[in-house]
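Please build the complex by placing chains P and L on the supplied structure of chain B, with the hints as guidance.
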Amino acid sequence: MNDGSRGTPILSLRGVNTHYGPAHILKDVDIDIYPGEMVCLLGGNASGKTTTLKTMLGYVKPSSGAVFLEGENVNDWTTARRVGHGLTMVPENRRLFKRMTVRENLEIGAYLRHRENHGADYDRIFEMFPRVKERLTQRAGTLSGGEQQMVAMGRALMAHPKVLLMDEPSMGLAPLLVAQNFEIIDQINEAGTTVFMVEQNANMALSIADRGYVLQTGRIVLNDTSQGLLANPQMRQAYLGELEN
Amino acid sequence: MSEAISVPARPIRSASRVTPVTIFLWGLRIAALAVILYGSYQSISSGRLSGAQWRDLLIFGTSTGSVFALIALGYTMVYGVLRFINFAHGEVFMVGAMMAFYVANGLAATSLWIASPFVSLLIVFIAAMTTSASLAVLLERIAYRPLRNAPRLIPLITSIGASFTIQYLVSGLVGPSTKDFPRMEPLRGTINVAGSLIPTSRVVVIVVTVIVMIALYLFVERTRTGKSMRAVSEDQETAALMGIDVNRTIVTVFAVGGAMAGVAGALWGLVFPSLNYFSGFLPGIKAFTAAVLGGIGNILGAMLGGVSLGVVESIGPSLVLAGYDIPAFSQLKDVVAYAALVMVLIFRPTGILGERLSRDRT
Amino acid sequence: MAQVTAPSPARPVEVELRPAPPVDLGRAARLGLIGGVAMVLVAATGIVGTFQTRLLIDPILPLGLLFLYLLAFAFGWMAGKPPAALEGFAPARANSRNLVAGALAGALGGLCVGVLAALMSTFDLRGVFVQLSPQLLEILTFGLPLGAAIIAIVAISAVAGAIGAGVHLLPIRLKRSLLPALVWVMMFALFTDLVGQLFAGLSAEFLTDFLFTGRGGALTIVGAITVFIVVFVAYWLLGGRETTLRGRIEAMPRGQRTRFSLIAAAVILIILWFVPKVMGPFVSQVLDTAGIYLLMALGLNIVVGYAGMLDLGYVAFFAVGAYTGAILTSPQSPAFTPQLLLIVAIPFVMIAAALAGLMVATPVIRMRGDYLAIVTLGFGEIARILFNSEWLAPIFGGAQGITNIPDLRIGPLQLSTPQDYFYPIFLVVLIAAYVTYALQNSRWGRAWMAMREDESVAEAMGVNVVTAKLSAFVVGAVLASFGGALFGAQIGSVFPHSFDIVVSVTVLVIIIVGGMGSVPGVALGALVLIVLPNLLREFSQYQFLFYGVLLIVMMLTKPEGFIPSKRRAQELHADELSQDAWLDIYGDKPTTDATTTEPPR
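Protein chains in written order, with numbering that gives the first Met the number 0: chain B, 0 to 244; chain P, 0 to 361; chain L, 0 to 600.
Just so you know, these hints were derived from the structure itself, not from any lab. Glycine is no exception: its CB is placed at the ideal position from the N, C-alpha and C atoms.
Rough simulated footprint, nothing fancy, chain L against chain P, three-plus residues with beta-carbon under 8 Å:
#1 137-149
#2 329-336
Here chain P is said to cover these stretches of chain L; the calculated rule only asks that three of the stretch's residues, wherever they fall, bring their Cβ under 8 Å from a Cβ of chain P:
#3 37-45
#4 120-134
Example chain L residues on the side facing chain P (calculated, C-beta under 10 Å, incomplete):
#5 Pro-362
#6 Glu-380
#7 Asn-387
#8 Gly-547
#9 Leu-550
Next up, chain B with everything else stripped away, as it sits in the complex:
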């Protein structure tokens, strides 16, 4: 995959090892995400997916290896600084500020860009999700699940992300909402935002992603295009729910 023709990766992990006390979690993980792509990270429970995200965001510091943001080693950066440089995460289960209004949620999304004018951002979000505009003054906790998902995506977009990190976008959602959610993600990626998605639902993720990595007990075991992964027999057996006959 890494043919080098696409310039500098926007975000990459290089030989990352992390430890949790005596436990060795990530083992020599290399991940490259290039501008405009949608990449997914697949893996079962306890494979280290969440740790990968935490390492990218700086909650966990690698014991060896490094995280690069636009070619720069950001190992010593705080989370806030990384967020300020365009690493935006949509947490699992949306996590809206339920007691705040929709507008306030969007404002918080643009927290670090408070000196800029947000008019154009609102227009873009309202264009993408007209429902959000109708609900602006409502408390976020009173919205339906689908609307909350829109607000969560809108909130993330308010930060002008260079890379949008998505933690398990299908987690805890009804099947209909999952489909809707992935449609939104695809839409955002189409509009030019780089997306890195951590997901257990491999079928769904590969249907919209360009490439995928497969993580198994802390090691990247597969790394291919979505088509490649979907066709990989090992992959089909382990993650795509096809049992060997």
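Coordinates of chains P and L only, in the frame set by chain B:
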């Protein structure tokens, strides 16, 4: 019966079932109500106090309650973001009051005190606010920040330690004697409000509290910092993901809460002129009660709870206790406050405007 | 740092340990300034002045200044501590840089004191800070002119800090001999009365004459050196063998171990039997007080340590015990004078305390931990105010309390002196210790601990939370009431002001310092926290300041206490583990950074 039963022997939280405990609690409720009603009936029908006297008690209670409300803000805001009771907050208030005393004492020796009381008071307020805010921030930094993820009783115990430390440090530094706040001439008179004469100092307390409360409300609701405070109190992890500096926001919360306690300290000096190192304990406990009464985590609730508690405390002894011909019933004023505390925590832990903060994260 | 410079796709796989980061001088400077504030406060609260008259080692070492420079030593120790070893990093080794860090911290601390001295010599600060007298300035500056004095203060503090940091450089065997030797010298110097009394009791007064300037005098230089050498040699020869001993005991077969424990218990009992005879009335009085506190601590240990409920109004049960005992035995009791013997009154005391326990516990059963703490505090204060009130004065005597409580009589034995009371108090303490120890491994004990860890899960597993909570409160209340009844009989009177919130907090400090849930820990806590301040008479006015600081420091550094119960320590450290590596969303720095607190182990 063996205790190694792996299936629930009975449903968890069987709230609907009548158990001896619920019967006891209902008995307690009814008994408390009966005591209050009978006592009130007795003392009102005896006509011992005139309407004007009741009104004075009400105003007295409202102004004392305003001070409680200001202190309660610190409890409620800290509880909102960290879910722990900052037991040392009463001491933050006391240190603010001490500072107010020393500044006022210094100013009283100058001509400014007489010539422009307004400016003098402003200086006193600013000094008290700065001191209390700094102390609150210092406490957060030294005692509470390292314990953010500890089991919840640990920061509470730490704050009890901090409370003791501050009390006895103050006692050691400035001496254990009681200090008398200097008198301010313009505050000694009365003001005619809608036909009744009210002591000026009380009016000043109420007016200052209302102004400060409105300012705080606007700050929390409208400003960017205020919004980040609300975001952090709702979900710290997500707030951090949005680029909010959680540490700095928590420091801001402590600073604002401390400043409010500083205002309360200065106001306390205007109404109750004597002060020593132990003066923060009781107002602290009462303000905590006020915070719970209003619904902990809720800023408007703190105001409401403070005033209600002030009024209950000031009217309660004359209304209920006097009805039973209890000798020296004013001795039991604090019992009324503590009883209110116990009753509120037992029967309405979510408070008047509770957002059910107190139920989650049990 | 790892050799990663730029993303290069074909990087060879290599995992190696990063070198341990060196001691952080910035942190040392910060610690130094904090230490400086602490030193200034120690001076300004009058601790230095108060203790200056007390010579530790005649004539060179006054206690007041020692306190000041001990702080420089302690902060130097902290600043020079090598960073904790973390997974993925090589372990840190102490070197001369650690000394520099310690000296830096000490010097900055000294500088703060220097600034204080300069301020004191320029302004009269006594209008606000009552202790900043010219005498204090004289002490702080050693009588030198200001400039020279500041240099001297900074130099001494820097040396003290460097010595503190130097502790980390010592080989472990030397460290294990040196520190106890210093501690023992301190003990001999501080508790001259106690040591003198002990030698007198053992008819070894010649030792007193040899080590001290006289009976009741300070330790001499020769005395200090003697004590130091004796202890140092003893520990050096022991050379860490005490752990092997413990291992050997644990390795013993069951029967042998029981026999060993019985012998140990017998030896302790015999020593206890002779304690009051040897120690005389004053020390016995102190020990009696400690025993009563220990009794309360054992009770509170059940409520807080086992069942996990923070009771801040615990003193109320002590008061109930004292007042019930007083009313039933004293002829001066205002309302009702049955004038029972205390022995006969004890069952009633227990019933009263149990009822009080039920009354407090029932409403709080469904209450969360922190609210429970405040409600119990409220109950405690209500009890104190009611005992003090005019309203109930016809029963409890109001502020005058109840006097003339007769001494304890057991059959023909009439107790009167503090030495006499030592026996019943410690008998009850031993029984209580045995009961709490036995409860720990009983069905109740397991229910309490399950509840402490997770109430809902415990309930789902069939633990009756209501009964468990009520029983914890009742057992705790009964133990405290014993303490109260004995206290009343020993003092001869009860007054409401003896039942202040500070008593509750003192008991809490005891169990926290000793180790929540651990019976030996609680015993040690009571011994150290009650006996030491009472023996050091100058100390009493700073006792509560000390308790407050101790609570904070313990919670920050050793929340499981000095002699932790195993289970409790595991719980607390499990949290630490997750705190260190995962959930730290607050850290200003990424997580495995070496400045984080503890090694994740």
